[in-house]
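2 protein chains.
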Amino acid sequence: MTRTIGVALLGLGNVGGGVVKLLEDNAAAIAARLGARFEVRAIAVREVDKAKRVVDVDRRLLTSDVDAAVRRDDIDIVCELIGGTTLARHAMLAAIAAGKHVVTANKALLAEHGAEVFGAAERAGVDVYYEAAVCGGVPVIRVLREGLASDRVESLHGIVNGTSNYILTEMARTRRPFADILRDAQALGYAEADPTLDISGGDAAHKLAILVNLCFSTTIDVAAIPTEGIDIVEPIDLDYADKWDYVIKPLVIARAHGDPATGPIEARVHPALIPASWLLADVGGAKNALYVQSYALGPSLYYGAGAGMLPTAMSVVSDMIEIGRNIFARVAGAPRPTRPRPVQPRAAMALGELRTRYYLRFGVHDQPGVLGRLMTILGAHHISIAQVVQDGRATGDEPVWVVVVTHEALESDVRAALSEIDTLDVVRQPARLIRISGEVSPA
Amino acid sequence: MTRTIGVALLGLGNVGGGVVKLLEDNAAAIAARLGARFEVRAIAVREVDKAKRVVDVDRRLLTSDVDAAVRRDDIDIVCELIGGTTLARHAMLAAIAAGKHVVTANKALLAEHGAEVFGAAERAGVDVYYEAAVCGGVPVIRVLREGLASDRVESLHGIVNGTSNYILTEMARTRRPFADILRDAQALGYAEADPTLDISGGDAAHKLAILVNLCFSTTIDVAAIPTEGIDIVEPIDLDYADKWDYVIKPLVIARAHGDPATGPIEARVHPALIPASWLLADVGGAKNALYVQSYALGPSLYYGAGAGMLPTAMSVVSDMIEIGRNIFARVAGAPRPTRPRPVQPRAAMALGELRTRYYLRFGVHDQPGVLGRLMTILGAHHISIAQVVQDGRATGDEPVWVVVVTHEALESDVRAALSEIDTLDVVRQPARLIRISGEVSPA
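These protein sequence lines map, in sequence, to chains A and B.
In this text, residue positions in the first sequence follow this note's numbering: the first is 1, and each later residue adds one.
In this text, residue positions in the second sequence follow this note's numbering: the first is 1, and each later residue adds one.
Keep in mind that the hints are not guaranteed to be accurate.
Chain copies aren't distinguished; within one or between two, either way the pair holds.
Said to hold, decoys possible - Mimicking DMTMM-like on lysine to aspartate or glutamate, the simulated pairs with C-alpha atoms at most 25 Å apart in a straight line are: (1) K50 x E39; (2) K50 x E24; (3) K21 x E154; (4) K243 x D282; (5) K21 x D259; (6) K243 x D397; (7) K21 x E192.
I should point out that these hints are in silico values taken from the structure, not numbers from a laboratory.
Produce the entire structure from the sequences given, and follow the hints as far as they go.
Spelled out as structure tokens, the structure:
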């Protein structure tokens, strides 16, 4: 006897196609592990008659009626792989209302409407799993929720957007400008036609909100997370970083301050200089990684493919297997502490209160006394300098660069100093600021 | 109302003490996540009257009667933290027979008696969890069993013995000989008074057997795993490795060959040269890491503390939390496919059939024609050379070193060639062989 679990896929793009392919390719292993097989019984797509698909499927499974697909009696699990927050939200809530368990890879939806979704799931008594929403195929959600269940996370540093990491890696390798690398990445399929959400840090902020919820038992307003895109990095910054043994990586950072259960939460998304000796510095190309500092375990790192057809599908199908086990154990949808929920509201630490080290690049006129004026203003704002370099004489139309690495300073002090410096007559362009994350001990 | 789960600890050494400490330190977070609290109700120790303990405990909890401790009606979970395979095996089987769920960190016991233990647990309807048995606090068991449940592991490369990794890391840093570093490591507490099991690869082989069982659904005879200790590495090997951009790491390696479900399994434990650009090359000190190559996810890596009081205790208590959830969901002990079991016997690939690259170091007399004779013999055995260096003239009593890096070759061919070479009159000492693991694409 082989039991069967009925599945509806919403969306048949890259991830949906990957789920179909993986269910076929690994059918025997999945059946052996679950003691059951999955049967895809409905696939909701925008255009039923589209000629070309990522995978071949029985066209009789296709429907454009999402509501009908999620309500069918022979469906146990709905995989929401549409993306976005409009139709996906409607479809997920409809599936939950119809008593279906849900698997999703939708970070935007969970980051912006997680409380609504998990609340509805709890009332309906269904499971919502979302391993694929953060770091694609790397099982960081399970690691944090179950592997570190007895631990207390103190801080997170993650590379969670593959497109940004690919572009910065290529910029570091070739020293070509951001716009050129982006164009190549789009041609190669490593970046979307509209890459805004990736390169602006918006996608990473969604993932960070999910991680914060899981690690610090609180909700966080995505719109309030200080977020900078990777387009602030220029090839010359990579030159200086390299000279001082740093690498520039697109990071998400979160840290609990004060009381472990109630203190404020620091969360930010930006490219950062990190020591070249740190394991995260070796996470190249489109790969993702999460570096966790926790009370009992200390530092740990989880690395792998953060996107892609099969890696993402792997997480989705592993979630389906877990729901299948829950169904057979008759515990699917049971309220469990594994479900993320805001235990209590916690304050968000304002960016101005951040204490960290800074890389500052000033473009100035090549005339005597400039360096002294910059240093005087920084000093007046309590910013002490670890390293400074003024590079030669101006060539052509380029300003002369004064580049500074500070000791730990308060962000509000740094901002005040930069505002003052930017008004000087000797300054040719606004100062460039990139934070340094070197406070974590390297591997 | 706070529900309570009764716990018996067998052993109050480093790990047992860590469990007591973690249950206290993280009591609030654990209670919030589980909806219950753990109460340690018995601690079995060898000497009840021992004056000095790792942690302070209520002495009324102590007993030297293991059997009585595991049979108490108020105990739900037994944590076996004794180590070894005699008393620990007896105690674990007694606990299982008494209907208690078991958490263990005992890799030797599971590697050598896993079938017996899991068989008994299945018949008795109890859970056996063992996250701490491999890579200490890094949740690799959960990752492989649940995170990659839908995937198919193709190969594993792991650094799973912290002592060996610490010694090789220090040898690489200082170029001091093995014996000196070992003595320092013992003084610092990084190596046991009797370090044999660690440096011989025996401990790593136990962990590899557990990983093979989990990933390839088969049992493997630990005694049959080809195992070499790190004491074959000399400082001069680190010099050559460094020159050619390799690092020497204490690896466990496993790979499935042929049919994914039934083909033979390659498993081996030895120090290996690996490319310095590979993430595993940056896993230094006493840290552990597992690098997994799987069909859907591709390469992934899991890194952190493989030993130590709190990291190991963290895994033990996370397992206790999972059993607690199972108890409350009334699924504890239910037969589930998550339990490792030999799906079928699979052949072990003989080491002679291995195809890999080799680092070979020959100590020869400094006379004309030696290099030609070595190359001729290697060539006659179908071994082709990627790099060769003969280093200057002999100094003092040292032989002249001829060091060779081969292309992929068959181990039986290499062994035959070395046997022939070792009999030459110009050879002053037996050839040194270290395998190279560079076939995995670097990060």
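Going down the list of hints, with the structure as the test:
1. K50 x E39: Only inside one copy: K50 and E39 sit 23 Å apart there, 61 Å across copies, limit 25 Å.
2. K50 x E24: Within one copy only: 22 Å inside a chain, 60 Å across chains, cut-off 25 Å.
3. K21 x E154: Between copies only: 18 Å across, 39 Å inside.
4. K243 x D282: both (17 Å within a copy, 21 Å between copies)
5. K21 x D259: between (47 Å within a copy, 19 Å between copies)
6. K243 x D397: Cα proximity of K243 and D397: one copy only (24 Å, versus 44 Å across).
7. K21 x E192: Within one copy only: 23 Å inside, 49 Å across.
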